[in-house]
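Chains as they are written, first to last, in my numbering: chain R, 492 to 753; chain V, 30 to 513.
No lab work stands behind these hints: they were computed from the structure. Heads up, a few of these hints could be off.
[To be verified] Straight-line distance between alpha carbons at most 27 Å, and here's what the computed DSSO-like set of lysine-lysine pairs gives:
no.: 1; chain 1: R; residue 1: K694; chain 2: R; residue 2: K711
no.: 2; chain 1: V; residue 1: K252; chain 2: V; residue 2: K124
no.: 3; chain 1: R; residue 1: K722; chain 2: V; residue 2: K437
no.: 4; chain 1: R; residue 1: K586; chain 2: V; residue 2: K443
no.: 5; chain 1: V; residue 1: K435; chain 2: R; residue 2: K722
[Claimed, not checked] Chain R regions said to be covered by chain V (calculated; three or more residues, Cβ under 8 Å):
no.: 6; stretch: 576-583
no.: 7; stretch: 607-615
The beta carbon of each residue, even a glycine, is placed where N, CA and C say it ideally should be.
Each chain, written out:
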Amino acid sequence: MSATPSVPVDTPLLTRPRAVIVGASSGIGAALAHKLAQEGYLVALLARNQDNLESIAQQINHTAGETQAFVYPHDVTDYDLIPSLFQTILRDLKKIDALVYVSGAQFPVGISEFEFEKDRNMLEVNLLGAVAWLGQAAVLFERMGVGQIVGISSVAADRGRVGNPAYNSSKAGLSTYLEALRNRLTRHGVNVLTVKPGFVDTKLFRENAKASFGVISPEKAANAIWRAMRKRKQQIYTPGWWRWMMLVIRHVPSIIFRRLSF
Amino acid sequence: MTLNGDAVIPLPTDRLARLENFGHSLSGPAYLYRPTEIEQIEELFEIARRHGFSIGLRGAGRSYGDAALNNGGVVLDLQRMHRILDWNPQTGIIKVDPGVTIEQLWMHTLEDGWWSPVMPGTMAPTLGGCLASNVHGKNNWKAGPFGEYVLEFSALLPNGEHVVCSPTKNTELFFGLIGCMGILGVFTSITLQMKRIYSGNLDVFAWAEPNLKHILDAVDSGKEDNDYIVGWVDCTPRGSRIGRGQLHTANYLAPGDDPSPLQSLRSESQILPDTILGLVPKAIVWRFMRPAMNNMGVWAGNTAKYLANRTIGHKKRYLQSLVAFNFLLDYVPNWERAYGSGGLIQYQSFLPIATAYDAYNEMLKLSKRRGLPSYLGVVKRHRPDKFLLSHAVDGFSLALDIKVSKRKRPGLRKLIRELNKIVLQAGGRFYFAKDSTLTAQEVSEYLGEETVNNFKALKARCDPHNLLQTDLFRRCFTSSNSEQ
Ligand SMILES: Cc1cc2nc3c(=O)[nH]c(=O)nc-3n(C[C@H](O)[C@H](O)[C@H](O)COP(=O)(O)OP(=O)(O)OC[C@H]3O[C@@H](n4cnc5c(N)ncnc54)[C@H](O)[C@@H]3O)c2cc1C
Ligand SMILES: NC(=O)c1ccc[n+]([C@@H]2O[C@H](COP(=O)([O-])OP(=O)(O)OC[C@H]3O[C@@H](n4cnc5c(N)ncnc54)[C@H](OP(=O)(O)O)[C@@H]3O)[C@@H](O)[C@H]2O)c1
Numbered sequence: 492m493s494a495t496p497s498v499p500v501d502t503p504l505l506t507r508p509r510a511v512i513v514g515a516s517s518g519i520g521a522a523l524a525h526k527l528a529q530e531g532y533l534v535a536l537l538a539r540n541q542d543n544l545e546s547i548a549q550q551i552n553h554t555a556g557e558t559q560a561f562v563y564p565h566d567v568t569d570y571d572l573i574p575s576l577f578q579t580i581l582r583d584l585k586k587i588d589a590l591v592y593v594s595g596a597q598f599p600v601g602i603s604e605f606e607f608e609k610d611r612n613m614l615e616v617n618l619l620g621a622v623a624w625l626g627q628a629a630v631l632f633e634r635m636g637v638g639q640i641v642g643i644s645s646v647a648a649d650r651g652r653v654g655n656p657a658y659n660s661s662k663a664g665l666s667t668y669l670e671a672l673r674n675r676l677t678r679h680g681v682n683v684l685t686v687k688p689g690f691v692d693t694k695l696f697r698e699n700a701k702a703s704f705g706v707i708s709p710e711k712a713a714n715a716i717w718r719a720m721r722k723r724k725q726q727i728y729t730p731g732w733w734r735w736m737m738l739v740i741r742h743v744p745s746i747i748f749r750r751l752s753f
Numbered sequence: 030m031t032l033n034g035d036a037v038i039p040l041p042t043d044r045l046a047r048l049e050n051f052g053h054s055l056s057g058p059a060y061l062y063r064p065t066e067i068e069q070i071e072e073l074f075e076i077a078r079r080h081g082f083s084i085g086l087r088g089a090g091r092s093y094g095d096a097a098l099n100n101g102g103v104v105l106d107l108q109r110m111h112r113i114l115d116w117n118p119q120t121g122i123i124k125v126d127p128g129v130t131i132e133q134l135w136m137h138t139l140e141d142g143w144w145s146p147v148m149p150g151t152m153a154p155t156l157g158g159c160l161a162s163n164v165h166g167k168n169n170w171k172a173g174p175f176g177e178y179v180l181e182f183s184a185l186l187p188n189g190e191h192v193v194c195s196p197t198k199n200t201e202l203f204f205g206l207i208g209c210m211g212i213l214g215v216f217t218s219i220t221l222q223m224k225r226i227y228s229g230n231l232d233v234f235a236w237a238e239p240n241l242k243h244i245l246d247a248v249d250s251g252k253e254d255n256d257y258i259v260g261w262v263d264c265t266p267r268g269s270r271i272g273r274g275q276l277h278t279a280n281y282l283a284p285g286d287d288p289s290p291l292q293s294l295r296s297e298s299q300i301l302p303d304t305i306l307g308l309v310p311k312a313i314v315w316r317f318m319r320p321a322m323n324n325m326g327v328w329a330g331n332t333a334k335y336l337a338n339r340t341i342g343h344k345k346r347y348l349q350s351l352v353a354f355n356f357l358l359d360y361v362p363n364w365e366r367a368y369g370s371g372g373l374i375q376y377q378s379f380l381p382i383a384t385a386y387d388a389y390n391e392m393l394k395l396s397k398r399r400g401l402p403s404y405l406g407v408v409k410r411h412r413p414d415k416f417l418l419s420h421a422v423d424g425f426s427l428a429l430d431i432k433v434s435k436r437k438r439p440g441l442r443k444l445i446r447e448l449n450k451i452v453l454q455a456g457g458r459f460y461f462a463k464d465s466t467l468t469a470q471e472v473s474e475y476l477g478e479e480t481v482n483n484f485k486a487l488k489a490r491c492d493p494h495n496l497l498q499t500d501l502f503r504r505c506f507t508s509s510n511s512e513q
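Assemble the whole structure, with the sequences as input and the hints as a guide.
Structural data, given as structure tokens:
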């Protein structure tokens, strides 16, 4: 029997919300971990890089003066372990109010490159891992009649472009999956939020960056995500102007789009 | 802090369920099992031990707080173990499964002229739950708690042992398990001594008193001549009228007093009607109460009730069925839902005679001042007992039903901390079946460190792997849960 952490017991007069963040070791996920902790959440932090997770948890717990963050090293492509890990987290935190799926992989690919290993990894991390994790949360939240699912998709979901077909498809798949979940779960009192960031200054962005306009900090993105969670929104672009940008881009006819090189 | 997601065999997701307390003020997820056989419980203990899960026990879920919740873990609902194992109408001794309810119990024995000597205020609870809480009735000063009528029980301990306990056999476990809130072991069968009665009716007397002092005095002085006493207290008026209310005393009829006992003892004579005033279906009444469940509405209702009790209902003597008198609240099913989405908490404190009036008076006034008055107060008279985690004192209890709403939560939290302080300073105690707000520190203050240590030692012996847990147990007996 592994030691279970002792978390404060909810009372009718004081309850602590709990969030699971998958992909919390850097970038947007790490910033969101800090934000949710600041807002009073107990947070379960997941990703592969245990050292990073530990140091984020340490900062959170140090600032809070109590144990508010809990670390679970995990590779989302270990699909078989997900049901048991989910159960362990539920056992440890006692309740889960929100699950945020942030994990994402994006590799730079050349304009004529088709390398299956890269493509597959992006699809696995961005889509299959999400399906595996969100399914767990969906069952729990449906039974509880309350809860919030957040998926970090991307503006890249809105069109298939020359740059990175597998990344585009993974995010498009994720967006569609989230939409379907929303249609399944709203009637059960569960909110599903799709987040589509534009350019956020993270490791993933820097490794792939071609553009350098309109880049926001991960903290700014995290604040926007939190605001949307609080208002129980269904979809946001961050920064918000991407909504209009993508509205235009989505309507560019294929005959033109085929000739573009972004 | 690192926790490795050790690859446990997941509990079947199908078992995930949302469980709530009676007050609808707390809910959470648990893996729910409803066993019918003791072997299934043993098996679950084994699985829990292997995979590091805890198990919380649950009867009918009538506890007001978190006694029957085990969020994130396994919950064992024992309601399907509900056989009556043996009944002897000559001696009044009955042996039952733990999931048998109070309703099932009286339905089975009443026609033979036997009634449970101790009855809680509703007939929904299971006997396992009643024993785990060691419930009291409106006759506690005279009859003592439920546990005093248990001739014997068997229990399965998490360490695998099956034990049989009675007041003379395995006495430490007998006085420990009864009242231990399902934390030391699972009651698997219970043998009870029922009380002989000679009518299905009680001789009831009702009258009104103008303030708290009079209510307490009346409850105290009535204890010589009555079998039951209860005071219904109005906590909403201002000033010296606070704590005014109505009193009910009730007495069993002596042999011969009831001309046709066989009639009154039949279940049909006892069953509560389906409609109120012959018109309104009971099942929907709570919906009409809901809009009035605010400070103004309750004040108006209580005042009207008080005036009626002071006039037409004053000094009335009548016969009332045992069921109607004991389970008055069951008249309005789901009444607790009238409190709205935040639910309610019940704040019940037990105070010695000497300090009770001053402390209760201060508590009622403080609550009123804060705009958080209780919508129903109930006063009872008690006496101490020998059970390890006893809640009783030689004195009174006052149970306050308080509405919880999102807006008033912070104020209520502050108020409760202050009320706790008043009770502790006045040498008072609390009751786990009702509580949902005590901290571990407050619990060890009223139980005393020695009692807490004895309890923990028993826990270590019965349950070395700490398998039996509830939210209440973690809240009240884990020292890290100090300030809430
Ligand atoms: C309207 C109302 C009026 C009430 N009036 C009174 C009253 O007048 N006097 C009074 O004393 N109480 C009163 N109560 C409280 C109630 O009697 C207790 O909470 C009782 O324990 C409820 O029994 P249950 O079967 O619902 O148990 P639950 O609430 O499901 O569980 C109660 C406790 O028992 C444990 N438990 C359940 N089954 C077993 C078992 N087989 N073995 C070991 N542990 C077990 C659980 O773990 C839990 O800690 C009242 C409650 C309500 C809702
Ligand atoms: N930055 C942007 O401009 C931008 C724009 C749109 C969308 N997004 C999306 O935002 C999300 C967060 O990305 P980011 O920008 O914050 O990049 P990041 O800093 O690189 O973060 C990626 C996160 O995903 C985790 N991850 C990657 N592979 C994983 C695996 N196999 N198992 C578990 N976790 C894994 C990483 O943790 P480990 O490496 O420790 O496992 C890390 O925590 C991604 O989904 C990304 O697609 C980003």
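Taking the hints in turn, this is what the structure says about them:
At most 27 Å may separate the alpha-carbon atoms for a hinted pair to count; K694/R and K711/R meet this at roughly 16 Å. Straight-line distance between C-alpha atoms of K252/V and K124/V comes to about 31 Å, which puts the hinted pair past the 27 Å bound. This hinted pair checks out: K722/R and K437/V have alpha carbons roughly 21 Å apart, not beyond 27 Å. Restraint check for K586/R and K443/V: satisfied, since their Cα atoms lie roughly 25 Å apart, inside the 27 Å limit.
Among the hinted pairs, K435/V with K722/R is consistent with the structure: their alpha-carbon atoms are about 17 Å apart, no more than 27 Å. Coverage of a stretch by a chain is defined here by at least three residues with a beta carbon nearer than 8 Å to that chain's beta carbons; for the stretch 576-583 of chain R and chain V the count is 8, and the condition holds. Judged by the Cβ-Cβ criterion of 8 Å, the stretch 607-615 of chain R is not covered by chain V as claimed, because only 0 of its residues qualify and three are needed.
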